[in-house]
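Colleague: Protein chains in written order, with the working numbering: chain A, 1 to 116; chain B, 1 to 114.
To be clear, the hints were calculated from the coordinates, so they are not data collected in a lab.
Note that the structure is predicted; figures quoted are calculated from it, not measured.
Check each hint, because a few of them may be wrong.
[Stated by the list, open to error] To give an idea of the interface, some chain A residues facing chain B are shown, with a C-beta separation under 10 Å as derived from the structure:
#, residue
1, ALA2
2, THR32
3, TYR36
4, LEU44
5, GLU59
6, GLY61
7, PRO86
8, CYS94
9, GLN105
[Stated by the list, open to error] Keeping only pairs whose Cα atoms sit at most 20 Å apart, straight-line, the calculated SDA-like set for lysine to any residue is:
#, chain 1, residue 1, chain 2, residue 2
10, A, LYS64, A, SER54
11, B, LYS101, A, LEU46
12, A, LYS66, A, SER18
13, A, LYS55, B, LYS101
14, B, LYS49, A, ARG99
[To be verified] Label-pair restraints from in silico Cβ distances:
#, chain 1, residue 1, chain 2, residue 2, range
15, A, LYS14, B, LYS68, 44 to 54 Å
16, B, GLY62, A, SER18, 37 to 47 Å
17, B, ILE60, A, LEU116, 33 to 43 Å
18, A, GLY16, B, GLU15, 22 to 32 Å
19, B, THR55, A, GLN42, 39 to 49 Å
20, B, GLY62, A, ASP27, 42 to 52 Å
21, A, SER9, B, HIS82, 24 to 34 Å
22, A, TRP10, B, ALA54, 34 to 44 Å
23, B, SER70, A, LYS14, 49 to 59 Å
24, B, ALA54, A, GLU63, 15 to 25 Å
Here a beta-carbon is modelled for each residue, glycine too, at the ideal position from N, C-alpha and C.
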Amino acid sequence: GAVVSQHPSWVICKSGTSVKIECRSLDFQATTMFWYRQFPKQSLMLMATSNEGSKATYEQGVEKDKFLINHASLTLSTLTVTSAHPEDSSFYICSARDRRTTDTQYFGPGTRLTVL
Amino acid sequence: AQSVTQLGSHVSVSEGALVLLRCNYSSSVPPYLFWYVQYPNQGLQLLLKYTSAATLVKGINGFEAEFKKSETSFHLTKPSAHMSDAAEYFCAVSEYQGAQKLVFGQGTRLTINP
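If we strip away everything but chain B, and leave its shape as in the complex, we get:
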């Protein structure tokens, strides 16, 4: 069975600092991996996805993530945090190419300090 673990339910960084949100996955088949962001009272928005092409994936709003098979990780990073990045972030895994049956991590709340 697939699973996702997000280390740290709450991450706080200063504006302009590096953002690093950790995600480790478990999958018996080559996974498809996703990062979503959820702003208060809004739906989830896709940040980026890994679908077995390049291991370094660039997404929207300056975010990127690197797929590391040896570490079973798909950490999300952004070089310089902005106040507007404050939100809940979810990592998800699917074993199906067609984005079926996403399994989500617990979520990480990102707070940006001025």
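So here's chain A without its partners, still in its complex pose:
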């Protein structure tokens, strides 16, 4: 139980294009999902908190117009990197909090984004 999937697992795109990453909770409902960014050999940094049916809350320094987050249902959140640039290349990881047991985040496998 408590499985979170991400799609795609990796993506390569050209500079200036937009990329959408999906995060799904497969066997539970998640009122809250989180998006993290992980640079090579570095820790996970929280980018934003996404609540179903409402606007995402972004961490300081994260551009909300650059990283669009949508949490349209209890099992799906999407992160769209708009007008991607090489510096956006990173490992993006989502997590979801089970609405029944709210004290644990379950993590997806991550998406490797490379912007050329």
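Given chain A, put chain B in place with the hints provided.
Modeller: Then chain B, alone, in the frame of chain A:
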């Protein structure tokens, strides 16, 4: 502001030896503490968590951690390492009971020598 420091970005132990991964935290409020493990190309898996109950927390795969407020530490241990324990381990802290806004340490890569 909360922070987590994991001492040692890389720890190497022999199979069957004690595993000790160090984590120190900083928090202005009573913290909630977590250890996660990340295998290559996989997501993070929760090993154990401290949420203000017993200070010695037992987790999956034989791991345990002890919350020591006086030392602001939450070190992860396992009596006998197994080859399958090789992975990246992350310590995280949250000031919210609902596992909101986790702050992660830098991670420690554990290598097991045969």
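Colleague: Each hint needs a verdict: does it hold in this structure or not?
Modeller: Tested hints:
1. ALA2: Holds, because the Cβ-Cβ distance from ALA2 of chain A to chain B comes to roughly 9 Å (cut-off 10 Å).
2. THR32: It holds, given that the least Cβ distance between THR32 of chain A and chain B is near 8 Å, below 10 Å.
3. TYR36: holds, 8 Å
4. LEU44: holds, 5 Å
5. GLU59: The hint holds - GLU59 of chain A has a Cβ within 10 Å of chain B, the shortest such distance being about 8 Å.
6. GLY61: violated, 13 Å
7. PRO86: Since the shortest Cβ distance to chain B is 23 Å, the answer is violated.
8. CYS94: holds, 9 Å
9. GLN105: Cβ of GLN105 of chain A sits 5 Å from chain B, so the hint holds.
10. A:LYS64 - A:SER54: holds, 14 Å
11. B:LYS101 - A:LEU46: holds, 7 Å
12. A:LYS66 - A:SER18: holds, 10 Å
13. A:LYS55 - B:LYS101: holds, 16 Å
14. B:LYS49 - A:ARG99: Status holds; Cα separation ~18 Å.
15. A:LYS14 - B:LYS68: 44 to 54 Å: Given range 44 to 54 Å: holds, Cβ gap about 51 Å.
16. B:GLY62 - A:SER18: 37 to 47 Å: holds, 45 Å
17. B:ILE60 - A:LEU116: 33 to 43 Å: Once the Cβ atoms are compared, 40 Å apart, the range 33 to 43 Å for LEU116 of chain A and ILE60 of chain B holds.
18. A:GLY16 - B:GLU15: 22 to 32 Å: Between GLY16 of chain A and GLU15 of chain B, where Cβ atoms are some 50 Å apart, the hint is violated.
19. B:THR55 - A:GLN42: 39 to 49 Å: violated, 30 Å
20. B:GLY62 - A:ASP27: 42 to 52 Å: violated, 26 Å
21. A:SER9 - B:HIS82: 24 to 34 Å: Since the Cβ atoms of SER9 of chain A and HIS82 of chain B sit about 27 Å apart, the hinted range of 24 to 34 Å holds.
22. A:TRP10 - B:ALA54: 34 to 44 Å: Given range 34 to 44 Å: holds, Cβ gap about 41 Å.
23. B:SER70 - A:LYS14: 49 to 59 Å: holds, 54 Å
24. B:ALA54 - A:GLU63: 15 to 25 Å: This hint is violated: roughly 42 Å between Cβ atoms.
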